[in-house]
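Listed below are the residues making up each chain.
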Amino acid sequence: MVNYQDRGLDRVFAALVDPTRRAILARLEREESLSISAIAAPFPIKLPAVMKHLDVLGDAGLVTRAKRGRTVDIRLSPAPLREATDWLRRYERFWSPALDRLAAYAEGREAEVGACEAQSGEAGKTGE
Amino acid sequence: MTSLVLVRRIAARPSIVFDALTTVDGVAAWWGPDDLPLVRAEIDARVGGAFRVRFRTLDGQEHEAFGEYLEVVRPERLAMSWRYAFGGEPEELGRTSRIEIALKPVDTGTELTFTHAELSNEASRMSHERGWTGSLAKLARLLANTGKGDSR
Chain A
1 MVNYQDRGLD
11 RVFAALVDPT
21 RRAILARLER
31 EESLSISAIA
41 APFPIKLPAV
51 MKHLDVLGDA
61 GLVTRAKRGR
71 TVDIRLSPAP
81 LREATDWLRR
91 YERFWSPALD
101 RLAAYAEGRE
111 AEVGACEAQS
121 GEAGKTGE
Chain B
129 MTSLVLVRRI
139 AARPSIVFDA
149 LTTVDGVAAW
159 WGPDDLPLVR
169 AEIDARVGGA
179 FRVRFRTLDG
189 QEHEAFGEYL
199 EVVRPERLAM
209 SWRYAFGGEP
219 EELGRTSRIE
229 IALKPVDTGT
239 ELTFTHAELS
249 NEASRMSHER
259 GWTGSLAKLA
269 RLLANTGKGD
279 SR
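Just so you know, the sequences run in chain order A and B.
Numbered continuously in this note's numbering, the first sequence closes out at residue 128.
Numbered continuously in this note's numbering, the second sequence closes out at residue 280.
Everything labelled a hint here was simulated from the structure, so no lab data went into it.
Where is the CB? At the ideal position from N, CA and C, for every residue including glycine.
Treat the hints with caution; some may be incorrect.
[Said to hold, decoys possible] Residues from chain B that keep clear of chain A, each with C-beta distances beyond 12 Å, as calculated:
1. Ala157
2. Asp172
3. Gly177
4. Gly195
5. Val200
6. Ala213
7. Phe214
8. Leu240
[Claimed, not checked] Taking beta-carbon pairs under 10 Å as the criterion, some of the chain A residues facing chain B (in silico):
9. Phe43
10. Val56
11. Ser96
12. Ala104
13. Gly108
14. Ala111
I would like the entire structure built from these sequences, with the hints used as guidance.
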């Protein structure tokens, strides 16, 4: 189960590595749904290349497609993206408060060392 | 890829920040996700030296991480491997990730860049790619703002 979830995350992260795919996602966020040719329009790459990017996004669960007449509508599917950010945030929740305490501790030490240096006058002003 | 990057500006000179990262007294003052004292810390901050840190989280669970110092350049750079002996995130058990800390002197003291890299196997394969974390966060923010939908 963990493995399955891991693989899902790996796919999402792999999909997000590519700037074209990120641009597609950002655009879908604004547009609700788009046809494949509308998605391809702003990019200097050929339609098959865009289709390949859409396949990668689809495999990662980041977009869904629905046929409408002769066109295919692509929509953003945000759930896997949330899962991916939640995953990263767990690490952030671990380290971020720790780094804040590190900063507070080092700043306290700096004040102490600074006070000592001030006392021992210019002679001790080598920094280390 | 899956690396986490955090940046902090600290009003202290790099050598002081570096010592806070590499001495038992220093590490005891800040390590861990919650504001609890460390259960134990062993630190041998030289290349090839080991560290081992055990801490308790607010839920009462104990976690122990250990690793080896890979780079020790006072007061600029520190890198170490990172592995959980027990506790930690389930998917990280048995995996080795990497922590890198870079210290840069700035007017106000030190800019610290903290990177927890290689958080999964797939990750290490693509770790040369940077900068997606920010994009991801931005996208997530955009998505959080939608949800309400309607206004196209």
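- Task: May I ask you to test the interface hint for phenylalanine 43 of chain A with respect to chain B, counting a Cβ-Cβ separation under 10 Å as satisfied?
- Result: violated (17 Å)
- Answer holds if the nearest beta-carbon of chain B is closer than 10 Å to that of alanine 104 of chain A; otherwise answer violated. holds (8 Å)
- Grab the minimum C-beta distance from valine 56 of chain A to chain B and call the hint holds if it beats 10 Å, violated otherwise. violated (13 Å)
- Query: Taking C-beta pairs only, is glycine 177 of chain B more than 12 Å away from all of chain A?
  - Reply: About 20 Å separates glycine 177 of chain B from the closest Cβ of chain A, which puts it past 12 Å; holds.
- Verdict on alanine 213 of chain B as a residue remote from chain A, using beta-carbon distances over 12 Å: holds (16 Å)
- Item | Hint validity - alanine 111 of chain A Cβ closer than 10 Å to any chain B Cβ | The hint holds - alanine 111 of chain A has a Cβ within 10 Å of chain B, the shortest such distance being about 8 Å.
- Item | Proposed interface contact between serine 96 of chain A and chain B, which counts if any beta carbon pair is under 10 Å | holds (6 Å)
- Query: For leucine 240 of chain B, is the shortest beta carbon distance to chain A beyond 12 Å?
  - Reply: About 7 Å separates leucine 240 of chain B from the closest Cβ of chain A, which leaves it inside 12 Å; violated.
- Exclusion check [glycine 195 of chain B not at the chain A interface, CB over 12 Å]: holds (15 Å)
- Interface-negative label, aspartate 172 of chain B against chain A, beta-carbon threshold 12 Å: Label holds. Min Cβ-Cβ 19 Å, cutoff 12 Å.
- Please settle this one: alanine 157 of chain B was flagged as non-interface, so is its CB more than 12 Å from every CB on chain A? Contrary to the label, alanine 157 of chain B does not stay out of reach of chain A, its closest Cβ about 4 Å off (not over 12 Å).
- Query: phenylalanine 214 of chain B: least C-beta distance to chain A exceeds 12 Å?
  - Reply: Given a closest Cβ separation of 16 Å, the condition holds.
When each numbered hint is compared with the structure, violations occur for hints 1, 8, 9, 10.
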